[in-house]
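Letter by letter, the chains look like this.
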Amino acid sequence: MKPLLIARNLSRHFGGLKAVDMVDFSVDAGEVRAVIGPNGAGKTTLVSLLCGRIQPSSGVIGFNGQDITRMPAHLRVRAGIAYTFQITSIFPNLPVYDNIALAVQRTLADGRSRKALDASVRDAMLHVGLTERASTPAAALSYGHQRLLEIAMGLALHPRLLILDEPTQGLSDGEVKDFIKLVRTIRKEATILLIEHNMDVVMKLADRITVMDSGRILAEGSPRSIRANAKVQQAYLGTADA
Amino acid sequence: MNLGKQIFLHLLVIALLAGLEYLLPVYHQGVFARVMVLAVFAMGYNILFGYTGLLSLGHAMFFSAGLYGAGMTVYHLDWGLPLAFLTGIFCAAALSLLIGLLALRTTGVAFMIVTMMFAQVFFLATLYFGEWTRGDEGIVLPQATRLIEFSGLHFDFSNPVTRYYAALVLFAVVLFITLGIVRSRFGRVLVAIRENEERTRMLGYNVFANKLWALVISAGISGAAGAAYALLFGYVGSTFASVQYSILPLLWVLLGGASTTLGPLIGTVLMYYLVDFSSDVLARAVPDWNFSYLGVVGVALILLVLFFPKGILGTIRARWARWLP
Amino acid sequence: MAFGPHLLLATLEGLVTAAVLSLTALGLSLVFGVMRVVNVAHGEFFMLGAVIAWGAASLFTGNAALGFVAALIISPLVVGAVAFISERLVLRRVEYNPEATIVATIGLLYILQQAALTFYGPEARPVEAPFNLRIQLPWFGYSGYKLFVIAAAIVLLLLVWLILTRTRIGLVMRATQIDREMARAFAIPVDRVYAGVFALGAMLAAIAAVLIVPIQQAHYLMGLDPLLLSFIVVIIGGLGSLRGTLVAALIIGVSDGIIAMFFSPTLAKMIATAAVALVLVFRPQGLFGTATR
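So the protein sequences, as listed, match chains Z, W and G. Heads up: the first sequence is residues -8 to 233, going by the numbering used here. Heads up: the second sequence is residues 10 to 334, going by the numbering used here. Heads up: the third sequence is residues 5 to 297, going by the numbering used here.
Because the hints were derived from the structure by calculation, they are not lab data. Take the hints with a grain of salt, since some may be wrong.
For lysine to aspartate or glutamate, the following EDC-like pairs were computed, each having C-alpha atoms within a straight-line distance of at most 20 Å [said to hold, decoys possible]:
no., chain 1, residue 1, chain 2, residue 2
1, Z, Lys179, Z, Asp164
2, G, Lys150, G, Glu17
3, W, Lys319, G, Glu99
4, W, Lys319, G, Glu185
5, Z, Lys(-7), Z, Asp198
Every beta carbon over 10 Å from chain W, so not counted as near; a handful from chain G, in silico [claimed, not checked]:
no., residue
6, Ala74
7, Leu113
8, Ala179
What you are looking at is a predicted structure, and each value in this text was computed from that prediction instead of being measured. Even glycine gets a Cβ: it sits at the ideal position worked out from N, Cα and C.
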């Protein structure tokens, strides 16, 4: 299958620190890919490079058959890459409705009709179960609901690739279960790239897993093969997070 | 829906201002004509500061670009008033486009200082080109240049009543333009930039372009106020380009309520009368002391920042009337 | 006068400007460096210093030297106290939020101007120089007092530098500058450090003003130029970098003196201000600073 996203020889150095070091990486259309690795392995830097929040020191990134290495972040979003932040990033003083409307109004094809906008916003709120809180300021939501809101904003962009940066961090067990269900419905519409520490979530959702360590890719494969990989066990699974 | 309420409120305010023309004594009529024009300046400032969250300390240059753009074309080139007015707006908008392309590369404190410095350059330029601008002393536009003849109608802007209604028309038009922007999707994006710039970018918006538009609209409105000021009150001078006229709209907007459509008017009216009233009282209480309005402005700024950061309408909106635009 | 001596005279005048400017700008730079706030009222502390110097000197009419020494002691103390009080009453309460601080210090600027206008008046008044010495160079005579200003500024700058690098106070200030939270964890009274730095910055401006009033008269609107020049210096030198501030003060001071002698001062100011705005746009770390990342 033709990959949706390809990165070749991708590097990003901060001073002497090689946060991402000569990484080759690709994601196929339709898959759920998890990226795991210990803290400081370069996961967030990698996805930040992919979505354009930071510029690579070297390397090439292609998306959907197009070279996007020099494309500014907002155009990458328009091309179909949506990103949800590791630290919840919403519009705290705006109501839930406006938060989502901001995502929807940029994607609406007809561009004019208030009705179409309203319908899409209600749709997105329904999808993540926030309909009743439409007029609540986002800052007044519980933490779990704020994470859902952020995912809803990502979804409302109708992305081809949705990047979720540690989405279950800080969620309760019940909320994590709901999240797994939600991702299973989202994957029908979008390819998903998931950075995740919770191995249970990773094993349940991912088709393939990429393991990073010290800015490099240590291993890549199905959940089963990653579990069996001795190098990974030593570097990662064998330690505190397993 | 809220739209009905909002439009009703704005029409009511305009009707009230129209009614005041009959009720007010001549002196206060003059004050209100001036205040309405200055409130337009504040409304322009509010687009950038209140809604987009960019604190400019250089809006005097846009106001005075409008002022000089209109006043100098009338005085030196003898252009008609409508064309001069449009020239004023054009000058302010064009200047803001240039300034924006440079200054919007910075954020936060650097943006404030850069805008202040560009405005200072503009101010110095009004002095340097004193041969045309007459610098500090300024230019008084003769009454004969402040007339419009329009298919048999005569408007003489040195007539207080004509002046009042001209100011009111400008105010009303800009008020509804502001309301339109605030309620539009563009307005929502501006607020989003103010609230969380990075998130807005990651929703696919071109943050720089939107800020630039906000600045150009804000400066265009400020320039319209400057142009109107020159034509209605017949005076053009470099005082209006000085740093004080960058601070005053900030003060008016803070007092009335940032990011409220009617706040700038309320702030401008109150501040104007506060300065007027306090200098009267102080002059009577201690006649041999020197006062200017500076101290009042200073105290007001500090008190607002310390105790009343949302301003009057902002507080009313937060407590009682969420629907206020 | 031939070109050479003319240039020498311009350079000397420039060095006087640079001396006063480096003290003033250093105050602004310290406050920005440690507290990360921009003090728009800095020029008014300069003005206040000059006005109080006039007041102190006029207590000793007849003895210029005594009056000058009195000014040099009283003026920085009063100005420092005013700054300390404004920091406690206003800046601390807005929690050093950058935008709120700017608006609040603009307010302070107007209040100080108003106070000077009310209690000092709209006139410009000179302070007599502490001594009247004319040094005769082969081409022209030059004021000995102006040379004293240059020397005094150098001594004061060295003193500040010693305090910053060699004393506990300096260490505490640098620790606070680098990481406020960490400093707090090490039991450094960050609050008091801030108030002290704000007062110290204002005192430097006041000392600069005392040095300048025998050359330039005290006036309630004299604060704007030093403020803008200090901004220029601090920006060119790199915000918060002390060494950069000094180098920039020297360059701006000397070139200002030379340019003003050969060109229209308004044009020179226009060009300098525009150039500095462009530096801030394209090289926010300053011409001599290095990028933080």
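(message) So, against the hints stated earlier in the document, which numbers end up violated here?
(response) 1, 4, 7
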